[in-house]
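Model the full assembly from the supplied sequences, consistent with the hints where possible.
Residue numbering for the sequence shown follows numbering that gives the first Met the number 0, starting at 0 and increasing by one per position.
None of these hints come from the bench; they were simulated from the model. Treat the numbers as computed from the prediction; the structure is a model and nothing was measured. Glycine included, C-beta positions come from ideal geometry on N, C-alpha and C. There's no promise every hint is true.
Here are the simulated lysine to any residue pairs, SDA-like style, with alpha carbons at most 20 Å apart [what the hints assert, rightly or not]: (1) 169 - 180; (2) 169 - 155; (3) 169 - 82; (4) 169 - 81; (5) 169 - 11; (6) 169 - 8; (7) 169 - 115; (8) 169 - 87; (9) 169 - 24; (10) 169 - 116; (11) 169 - 152; (12) 169 - 158; (13) 169 - 159; (14) 169 - 157; (15) 169 - 25; (16) 169 - 181; (17) 169 - 148; (18) 169 - 111; (19) 169 - 22; (20) 169 - 84; (21) 169 - 85; (22) 169 - 89; (23) 169 - 86; (24) 169 - 88; (25) 169 - 80; (26) 169 - 156; (27) 169 - 77; (28) 169 - 21; (29) 169 - 78.
Label-pair restraints from in silico Cβ distances [to be verified]: (30) 190 - 130: 21 to 29 Å; (31) 184 - 153: 38 to 46 Å; (32) 157 - 30: 12 to 20 Å; (33) 63 - 166: 40 to 48 Å.
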Amino acid sequence: MESFWLCFIPLFVAVDVIGVLPLYLALAEGLSAGERQRVLVQSVGTALAVALLFLFGGRALFAMLGISIADFMIAGGALLFALALSDMLLAPEKSRRRGDPTTLGAVPLGVPLMVGPAVLTTIILLADQFGVLPTVASIFANLLLAGAVLWFSDGMTRALGRNGIRIASKVANLILAAIGVHMVRLGVERVIAGGA
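Pasting the structure below:
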């Protein structure tokens, strides 16, 4: 059970559903309740499929390219840090565009907003550190939680307010930046120790 929570928490931070919430609200603005439901089902399904494909196919891809886990930890940690820093300093809502309701759930909501580079990096590293089973369980739990949060997004927006959502997203990004630094440190330690 401890392994599940050790996987769940970094993945929860990487998914950053509170940060996705204002983007979802902007993208889904004007859609009917039925269209919103279809978009959410499509987004969670797409995100889950991409996450699992990357989890089970990522290592084979690394082997083909000659990339070690230590290499990926350093690059992935640096990427997480850069993404978190970018989200903290920039206003991503300025670049939002309304999507087609038939594909909005898959792209951009499912990928890359729910499952983007930060989540894919985290998945590979968690599977290496804690094993596949707790990682898969935490993927399912996080994506179901993300879907539920977006399902009840109107109530959450009223409770937190737009500013509350932005503040929560900034805090989540600060934690994500710290996780990125931690991953870089672990990768460098592996390289120094001569590990893969």
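Status of each hint after checking the structure:
For the given pair, residue 169 sits about 17 Å from residue 180 by alpha-carbon distance, which is consistent with the 20 Å threshold. A distance of roughly 17 Å separates the Cα atoms of residue 169 and residue 155; the hinted pair therefore holds under the 20 Å criterion. Proposed proximity of residue 169 and residue 82 is supported: the alpha carbons are some 12 Å apart, at most 20 Å. Our distance criterion of 20 Å between C-alpha atoms is met by residue 169 and residue 81, whose separation comes to about 14 Å.
With a C-alpha separation of about 14 Å, the suggested pair residue 169 and residue 11 falls inside the 20 Å cut-off, and the hint holds. Proximity of residue 169 to residue 8 is assessed by CA-CA distance (about 16 Å); at most 20 Å being required, the pair is judged to hold. Simply put, residue 169 and residue 115 have alpha-carbon atoms about 17 Å apart, close enough for the 20 Å limit, and the pair holds. Among the hinted pairs, residue 169 with residue 87 is consistent with the structure: their alpha-carbon atoms are about 6 Å apart, no more than 20 Å.
At roughly 18 Å between alpha-carbon atoms, residue 169 and residue 24 fall within 20 Å of each other, so this suggested pair holds. In summary, the hint linking residue 169 to residue 116 is supported, as the alpha carbons are separated by about 18 Å, within the 20 Å threshold. Annotation: proposed proximity of residue 169 to residue 152 holds, straight-line Cα distance about 18 Å (limit 20 Å). In summary, the hint linking residue 169 to residue 158 is supported, as the alpha carbons are separated by about 18 Å, within the 20 Å threshold.
Of the supplied pair hints, the one linking residue 169 and residue 159 holds, its CA atoms being roughly 14 Å apart against a limit of 20 Å. Between residue 169 and residue 157 the CA atoms are separated by roughly 19 Å; this keeps the pair inside 20 Å, and the hint holds. The suggested pairing of residue 169 with residue 25 holds, with an alpha-carbon distance near 18 Å, which does not exceed 20 Å. Taken as a hint, the residue 169 and residue 181 pair is honoured in the structure, with Cα atoms around 19 Å apart against an allowance of 20 Å.
At roughly 18 Å between alpha-carbon atoms, residue 169 and residue 148 fall within 20 Å of each other, so this suggested pair holds. A C-alpha spacing of about 18 Å is found between residue 169 and residue 111, which places the hinted pair at or below 20 Å, so the restraint holds. For the given pair, residue 169 sits about 14 Å from residue 22 by alpha-carbon distance, which is consistent with the 20 Å threshold. A distance of roughly 9 Å separates the Cα atoms of residue 169 and residue 84; the hinted pair therefore holds under the 20 Å criterion.
Simply put, residue 169 and residue 85 have alpha-carbon atoms about 10 Å apart, close enough for the 20 Å limit, and the pair holds. A hinted pair counts as satisfied when its Cα atoms are at most 20 Å apart, and residue 169 with residue 89 qualifies at roughly 10 Å. The suggested pairing of residue 169 with residue 86 holds, with an alpha-carbon distance near 8 Å, which does not exceed 20 Å. Of the supplied pair hints, the one linking residue 169 and residue 88 holds, its CA atoms being roughly 9 Å apart against a limit of 20 Å.
This hinted pair checks out: residue 169 and residue 80 have alpha carbons roughly 13 Å apart, not beyond 20 Å. This hinted pair checks out: residue 169 and residue 156 have alpha carbons roughly 16 Å apart, not beyond 20 Å. This hinted pair checks out: residue 169 and residue 77 have alpha carbons roughly 18 Å apart, not beyond 20 Å. For the proposed pair residue 169 and residue 21, the alpha carbon gap of about 13 Å is at most 20 Å, so the pair holds.
As the CA atoms of residue 169 and residue 78 are separated by approximately 17 Å, the hinted pair is consistent with the 20 Å bound. Remark: the range hint 21 to 29 Å for residue 190 to residue 130 is upheld by a beta-carbon distance near 23 Å. Between residue 184 and residue 153 the beta carbon distance is about 41 Å. The supplied range of 38 to 46 Å therefore holds. Take residue 157 and residue 30: their Cβ atoms lie about 18 Å apart, and the range 12 to 20 Å holds.
Between residue 63 and residue 166 the Cβ separation comes to about 43 Å, which falls inside the hinted range of 40 to 48 Å.
Every hint from the earlier list agrees with this structure, and none is contradicted.
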